[in-house]
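Below, each chain spelled out in residue letters.
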Amino acid sequence: MRAVVTETNELFGCTVGELYKETGGKPNRRETLPHEVQQAYMVNETLSAYELERMEGSIGGESQDEVNDQINAVVREQSKQTRRWLPW
Amino acid sequence: MGSTTASITMKLPELKKRVRRTWNILNEWNGVVLLPEQFDQEMKTFGDRRYKKTWIKALCKFQAMFAYAGCLDSWMLVTKTFAFRPERWDYEYRHQIFDEFLMYPEAVEIIKTGLEDIFNKDFDVQERAGADGFFRLLEEREGADRTIGITTRFVGAIPEASAAA
Chain X
1 MRAVVTETNE
11 LFGCTVGELY
21 KETGGKPNRR
31 ETLPHEVQQA
41 YMVNETLSAY
51 ELERMEGSIG
61 GESQDEVNDQ
71 INAVVREQSK
81 QTRRWLPW
Chain P
89 MGSTTASITM
99 KLPELKKRVR
109 RTWNILNEWN
119 GVVLLPEQFD
129 QEMKTFGDRR
139 YKKTWIKALC
149 KFQAMFAYAG
159 CLDSWMLVTK
169 TFAFRPERWD
179 YEYRHQIFDE
189 FLMYPEAVEI
199 IKTGLEDIFN
209 KDFDVQERAG
219 ADGFFRLLEE
229 REGADRTIGI
239 TTRFVGAIPE
249 ASAAA
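Residue numbers (my numbering), protein chains in the order written: chain X, 1 to 88; chain P, 89 to 253.
No incorrect hints appear here.
No more than 30 Å apart at the CA atoms, straight line, and that leaves these computed lysine-lysine pairs for DSS-like:
id: 1; chain 1: X; residue 1: K26; chain 2: P; residue 2: K168
id: 2; chain 1: P; residue 1: K209; chain 2: X; residue 2: K21
id: 3; chain 1: P; residue 1: K140; chain 2: P; residue 2: K105
In silico negatives: residues of chain X with every beta carbon more than 10 Å from chain P:
id: 4; residue: E22
id: 5; residue: M55
id: 6; residue: E62
id: 7; residue: V67
id: 8; residue: L86
Per the computed footprint, the stretches of chain X lying under chain P, defined by three or more beta-carbons under 8 Å from a beta-carbon of chain P, are:
id: 9; segment: 12 to 18
id: 10; segment: 28 to 40
For the record, the hints were derived by calculation from the structure and aren't laboratory data.
None of the values given here were measured: they were computed from a predicted structure.
Glycine included, each C-beta is placed from N, C-alpha and C at the ideal position.
Excised from the complex, chain X in its bound form:
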């Protein structure tokens, strides 16, 4: 959930709710978002998953919260990178 909001914010500069509203999609149904938006999510999620897998050994912490924070930071960083390739 948290990572979804993070990547949405980085990729599109808005919240999930705003994205559905602005694009005229049916809320909470990803398949109703414009094709380019769906693709951007797909690419970013694939790259983020790859990056998290690559960093698997180095992600850790004393608590689950710390681990979650690190995962969120990885997703944020990857989303920033992905954004550079997007046409908007």
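Given chain X's structure and the hints, the job is docking chain P onto it.
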């Protein structure tokens, strides 16, 4: 309420920590600079902060906001967010969190869409199994004073009809 209850009750310091963390994340999304007094201000709206119930109220409200704001796909709500398992830290507050979520006008529609998705024939079977926790949640609510639940009885077995026969 059902017989499944969390074995660990969250202590007040941990509860406060959870509330603060959830509040921080919600505001991190808004992109605002956080001031400690803003948190105190918001907490006051939930009641007397000397009582645990006030913090529980805040936690459930914030967790529901978290679920609502982070919902890109409605099926995620039934397979992950509200598919509570006893080992989850928020398990003991599952009903209150869900109650708070149901306060959103679109809540039932979002859940309905999520259920339609997971029962679509093309939906991944393993993902669908993730919704078991959600169905248990609904099952526990049956007969309790909750606003949404399901009947787990066999569809044809209407108790009133059986009693009348």
